[in-house]
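Participant: Sequence:
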Amino acid sequence: MNEEEIRQKLAVLETYNQQIQKLQEELVNIGLMKNEINKAIETLEGIKENDEVLFPIGAGAFVKAKVLEKDKVIVGIGANIFVDKNIDEVIKEFKKSVEDIEKAEAKGKEQIENTIKVARKIQKELEKELARIQKEQQEQQQK
1 MNEEEIRQKL AVLETYNQQI QKLQEELVNI GLMKNEINKA IETLEGIKEN
51 DEVLFPIGAG AFVKAKVLEK DKVIVGIGAN IFVDKNIDEV IKEFKKSVED
101 IEKAEAKGKE QIENTIKVAR KIQKELEKEL ARIQKEQQEQ QQK
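Sequential numbering of the sequence shown, starting at 1, is according to my numbering.
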């Protein structure tokens, strides 16, 4: 392996490390999204049982509020458009979203694992080459 090939492999290794970092950041965001949806599901299921809720007003403060329509939820459907939906329908949709997110999470983890394997292989090749070069240099110094 010549110097140019070593530089190329180092650049490829750096690219893989950046990909791993980006994928890990995406997994964090996916986890946050999943937690938010699960919290919404929990809240909606709680509303079905009890008409009192804690409503956040900011800065960690809440007020108690009564839910007027326990069977309806106003849901955003995009472009600042909101519609009334049945609470059970929304819970079902949110649970489906969680399932989809979990699939994406699993794919992301698999992609990270595969990228790590490739990066480790390149790193081992570079370490082996570095050891060979160091050995050659020591042999030349002994002459």
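Think of the hints as simulated: they come from the structure by calculation, not from any bench.
The beta carbon of each residue, even a glycine, is placed where N, CA and C say it ideally should be.
One or more hints might be untrue.
Using C-beta positions, here's what the derived DEER-type ranges look like [to be verified]:
no., residue 1, residue 2, range
1, ALA59, LYS128, 52 to 58 Å
2, VAL75, GLU99, 56 to 62 Å
3, THR43, ASN80, 32 to 38 Å
4, LEU32, PHE62, 19 to 25 Å
5, LEU32, VAL83, 23 to 29 Å
6, LEU32, GLU4, 39 to 45 Å
7, GLN8, ILE74, 53 to 59 Å
8, ALA11, LYS72, 29 to 35 Å
9, GLU45, VAL12, 26 to 32 Å
10, VAL75, GLU4, 27 to 33 Å
Result set (DSS-like, lysine-lysine): computed pairs, CA atoms no more than 25 Å apart in a straight line [stated by the list, open to error]:
no., residue 1, residue 2
11, LYS9, LYS128
12, LYS107, LYS34
13, LYS72, LYS39
14, LYS103, LYS92
15, LYS121, LYS109
16, LYS107, LYS117
17, LYS107, LYS92
18, LYS39, LYS96
19, LYS9, LYS22
20, LYS9, LYS121
21, LYS95, LYS107
22, LYS95, LYS117
23, LYS128, LYS117
24, LYS72, LYS34
25, LYS48, LYS107
26, LYS39, LYS109
27, LYS135, LYS124
28, LYS109, LYS124
29, LYS48, LYS70
30, LYS39, LYS103
31, LYS85, LYS39
32, LYS92, LYS9
33, LYS85, LYS95
34, LYS117, LYS48
35, LYS22, LYS117
36, LYS95, LYS39
37, LYS72, LYS109
38, LYS124, LYS39
Participant: Hint by hint, say whether it matches the structure.
Facilitator: Verification of the supplied hints:
1. ALA59 <-> LYS128: 52 to 58 Å: The hinted range 52 to 58 Å holds for ALA59 and LYS128, with Cβ atoms some 57 Å apart.
2. VAL75 <-> GLU99: 56 to 62 Å: Violated, since VAL75 and GLU99 (Cβ atoms, about 18 Å apart) do not stay within the stated range.
3. THR43 <-> ASN80: 32 to 38 Å: For THR43 and ASN80 the Cβ distance comes to about 22 Å; the hint is violated.
4. LEU32 <-> PHE62: 19 to 25 Å: 21 Å, holds
5. LEU32 <-> VAL83: 23 to 29 Å: 25 Å, holds
6. LEU32 <-> GLU4: 39 to 45 Å: 43 Å, holds
7. GLN8 <-> ILE74: 53 to 59 Å: Distance hint for GLN8, ILE74 holds at roughly 56 Å.
8. ALA11 <-> LYS72: 29 to 35 Å: 56 Å, violated
9. GLU45 <-> VAL12: 26 to 32 Å: 49 Å, violated
10. VAL75 <-> GLU4: 27 to 33 Å: 57 Å, violated
11. LYS9 <-> LYS128: 13 Å, holds
12. LYS107 <-> LYS34: Cα-Cα ~15 Å, so holds.
13. LYS72 <-> LYS39: 18 Å, holds
14. LYS103 <-> LYS92: 17 Å, holds
15. LYS121 <-> LYS109: Within the cut-off at roughly 19 Å; holds.
16. LYS107 <-> LYS117: With Cα atoms ~15 Å apart, LYS107 and LYS117 stay inside 25 Å; holds.
17. LYS107 <-> LYS92: Holds, at about 23 Å.
18. LYS39 <-> LYS96: 14 Å, holds
19. LYS9 <-> LYS22: At roughly 20 Å apart (the allowed maximum being 25 Å), LYS22 and LYS9 satisfy the hint.
20. LYS9 <-> LYS121: 11 Å, holds
21. LYS95 <-> LYS107: 19 Å, holds
22. LYS95 <-> LYS117: 33 Å, violated
23. LYS128 <-> LYS117: 16 Å, holds
24. LYS72 <-> LYS34: 22 Å, holds
25. LYS48 <-> LYS107: At roughly 34 Å apart (the allowed maximum being 25 Å), LYS107 and LYS48 break the hint.
26. LYS39 <-> LYS109: 23 Å, holds
27. LYS135 <-> LYS124: Holds, because 16 Å separates the two Cα atoms, which is no more than 25 Å.
28. LYS109 <-> LYS124: 22 Å, holds
29. LYS48 <-> LYS70: With a Cα-Cα distance of about 6 Å, the restraint between LYS48 and LYS70 holds, given a limit of 25 Å.
30. LYS39 <-> LYS103: Within the cut-off at roughly 19 Å; holds.
31. LYS85 <-> LYS39: Distance ~18 Å between LYS85 and LYS39 Cα, so the pair holds.
32. LYS92 <-> LYS9: Violated: LYS92 and LYS9 sit about 48 Å apart, past 25 Å.
33. LYS85 <-> LYS95: 15 Å, holds
34. LYS117 <-> LYS48: Not OK: LYS117 and LYS48 at ~48 Å, beyond 25 Å, violated.
35. LYS22 <-> LYS117: 16 Å, holds
36. LYS95 <-> LYS39: At roughly 11 Å apart (the allowed maximum being 25 Å), LYS39 and LYS95 satisfy the hint.
37. LYS72 <-> LYS109: The given pair, whose Cα atoms are some 37 Å apart, is violated under the 25 Å limit.
38. LYS124 <-> LYS39: 44 Å, violated
Violated hints for the displayed structure, listed by number in ascending order: 2, 3, 8, 9, 10, 22, 25, 32, 34, 37 and 38.
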